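Peer 1: Residue numbers (our numbering): 1 to 174.
It should be emphasised that the hints constitute simulated quantities derived from the structure, not laboratory data. Hints should not be assumed to be uniformly reliable.
To be verified - No farther apart than 27 Å at their CA atoms in a straight line, the calculated lysine-lysine pairs in the DSSO-like style are these:
hint, residue 1, residue 2
1, Lys88, Lys145
2, Lys88, Lys2
3, Lys2, Lys145
These numbers were taken from a predicted model, which means no experiment stands behind them.
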Amino acid sequence: MKLTLIGYRGCGKSSVGPLLAETLRLTCIDSDDHVEDAAGKSIQQIFADDGEAEFRRLESQVIADLLAQDDIVVAAGGGAILAETNRKCMQDAGSVIWLQATVETLASRIARDETSTSRRPSLTGKSIQEEIAEVLEARRELYQKASTMTVDTDNRAPQEIADEIVTRLAGVSE
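Take these sequences, add in the hints, and give me the full structure.
Peer 2: Okay, here's the thing in structure tokens:
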């Protein structure tokens, strides 16, 4: 089984992924962590030193490599769906689950994440709430097209979200 979690930063991919993997006896890997390992620096530093195009190239390679493995949950970076090759790779591999949340929920979660600003660059230079609203609107259609399942994460604990996904996946395979 191969699952890919997609969604905007702060939607819960890194929290839900390991719970999902544990329940389904899979391995969970965060693609952003692998990109940072491959580059030897943070995503923010990759953007600053090498530019977004190099980051996206590394990200595509990492996603392809991860989804070539069996029994895996990949927590994909929020912008991974921007590349058609990534969307196709995810869809060809298995279920693609969009963890969806409101702008307010995402802003609140990102503000509470101490590592978020040190690891991730601003994409627009605007306030976090304005940036989320703008970027999420630009990506919404791509998230919809890429996903085989959408799960609302607003006001929900990671375990509750993981349990819903497991239940819905079981319904699909029956």
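Peer 1: Determine for every hint whether it applies to the structure shown.
Peer 2: Now the hints, each set against the structure:
Between Lys88 and Lys145 the CA atoms are separated by roughly 10 Å; this keeps the pair inside 27 Å, and the hint holds. As the CA atoms of Lys88 and Lys2 are separated by approximately 14 Å, the hinted pair is consistent with the 27 Å bound. Under the criterion of a C-alpha separation no larger than 27 Å, the hint pairing Lys2 with Lys145 is consistent with the structure, at around 18 Å.
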